[in-house]
Amino acid sequence: MTVKAKHLHPLALIVFLAEEVKTWWLLLLLGAINGLWWVLLAAICLGLFLIVGRYATMTYTITTNEIVIKSGMFNKKQHHLTYPKIQTFQTKQWFFMKPLHLVSLKIETSAHVDNQADASLPVITVKEVRELERLKQNSHSKMNDNSESTPKTAVSQSAETQQAQYQIKWRDLNLYALTSFSVVPILAGVLAIYSNLDDVLPDHYINQIFSRFSQQTATVIVFDVVCLILLAIVAAYMLIIQRYYHFTIVHQGSQLTTRKGFFQTSRVTVRLNRIQSVVYVQSWLRRLLHLTTVQALVAANASDNEESGDVVIMPVVQTKDVRYQTRRFINWLPSKEVVPTSWRQANAHGRWALIRNRLLVAAIVVIPTCILWRPYGLLSLILLPVAWGLGAYVGKTNGLGVTENHILVAQVGRLFGKKRYYMPKTNIQSMRISQSVFMRHTGLVHLEIRLRSGNSELLVENRYLPKRDTQTIYNWYRQTDVAKESIQ
Amino acid sequence: MGQQLPKRIKTVWRLQAGFNLLIDIGIVVGIIVCHYFFSWPTWLIWVASLLAMMAAIIQFTLIPYRYQFWCYQLSDHDVEITTGFFVRKTTAVPILRIQDVTLSAGPLLQFNHLQSVKIHTAAAVHEIGGVDHATATKLKNQIMNLAKEEDVYDS
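Heads up: the protein sequence lines correspond to chains A and B, in order.
Sequential numbering from 1 applies to the first sequence in the numbering used here.
Sequential numbering from 1001 applies to the second sequence in the numbering used here.
Heads up, simulated DSS-like pairs for lysine-lysine below, C-alpha to C-alpha not over 30 Å straight-line:
#, chain 1, residue 1, chain 2, residue 2
1, A, 92, A, 76
2, A, 419, A, 169
3, B, 1007, B, 1140
4, A, 77, A, 22
5, A, 425, B, 1118
6, B, 1118, B, 1138
7, B, 1118, A, 467
8, B, 1140, A, 425
9, A, 425, A, 320
10, A, 419, A, 396
11, A, 77, A, 106
12, B, 1089, A, 419
13, A, 396, A, 467
14, A, 106, A, 136
15, B, 1089, A, 425
16, B, 1140, A, 85
17, B, 1118, B, 1007
18, B, 1089, A, 467
19, B, 1138, A, 425
20, B, 1089, B, 1118
21, A, 85, B, 1118
22, A, 76, A, 127
23, B, 1140, B, 1089
24, A, 4, A, 92
25, A, 320, A, 419
26, B, 1138, B, 1007
27, A, 70, A, 92
28, B, 1010, B, 1089
29, B, 1089, A, 396
30, A, 169, A, 92
None of these hints come from the bench; they were simulated from the model.
Bear in mind the structure is a predicted one, so any value in this text is a computation, not a measurement.
Just need the whole structure built from these sequences, with the hints factored in.
Encoded structure:
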């Protein structure tokens, strides 16, 4: 079958332009402020030339076996992707693409040559994405035809049978936004810009601003600062609402699809068998309010940030409903929690070690502060009870246990928050017990569990556990029932 | 207890420690030169040479312990590697999780006819420090034979 190579939709020109502006806006702004009009003009001409060139040289061909993407002006590239090897399709749709039924598509394969997304088509029609998904499904069922004797069920399962769906409620979304801490980075950003202002802006602007400020009284300045902080909080809140707007997760056949976003609707499809582990995350604030976030660690770059492989399955859910809600989407999660008798935790020695370590760290800060800043430095003594509390909390929270004979549950506390990992034995890549000389007489050990997440590893470490308990878990991990694994 | 590394690995470690010492001496010499030309303070020389001495002594004295506590064990379904004297680490890697095995040797290992065996899982790399060629090949074959089961990461 011969299919003609196609160019992207002309709207791609605008998307490319937006990308360029997003990369260079700071330089453009500086140029405009400092009045370098000729340089700006030359830069814009060059930019436009590159954008048009990029558009003109980028073509794609969809055939029944593969998709071919050609790109590059000076450095010509031809990328061939065969359907069975494609892991995920990720689409993003800006609000202005909606009426035209266009999306931008990212294609991920399991090869990891570098950390970039494997291939992307910045603007193509929704119809073509559907077509690609259909071709991929077909290639799978063809493979099943050859290898297994039950192609029919496989196809019908992976087709349109929707098994479960969840859409975030407005109230939950609000709670999620209010209990997240993203105000802090925004404030930090504002402060960083503020402190670098005199490097960036020409002097007369600064002088103008300062002369305006100096005419005002202290109360007005305080008022301004409070306004700034409030603004940052509102901005952070809106940002999260925007990002998780209409968050929906759908369980369909062998895959999970999440959809979210207001200005930009992003859609990620993850195959269920790529999920390595499920994590319940609680920050201290959400722990107080009995709310939990559910994440899945995925062995592919399917997540929002490129580095790690965690995909949010449920932004926020009442802690008592977590198990029920999550099990609708991930059926291998245990129906019962670990029985208390086989839940392994730090003993008195271990708890003391955890407290002691935090006290030591606090002491390193507190002692010099107390000596150097005599009267007010003593205030830092308050860190000591906090450190004690942290240690005691972690000692109480950390724990390990095996449930249903093949799932390891590990709970790790950090800064009064906690993470609870559910790891099927088959997904644990390796396990390590380590013990330092000083831990020998108390019989304590650390346990390190390695998982795959994204394109790299994730280390779950449970510290200062009794050796005998840890050895039980270690032995459980080492005895492999091969028969069982080959079935899965 | 599992299999120990061959005795020759101690020579390799001694040579490595020797090279490290040479590098440290180079740094100290550099500081002395700086002292003469740019009048860097004298105490810097003392601190640097003391540190170099300490590092060398610690490295050399630890070699027998390092040898004593480094061992590996290959069973039907996993590889277990134990290392370390101050921090003793025992790692289990199930054969089914192993993606591939690399045999490699830098000049020091080559000189002593040894190879290091690196075991890659989907998450991390685990290393058996240095074994002779025959054992390395045997280990590789054994592991690869056992690991022939289907690959979870290939769809």
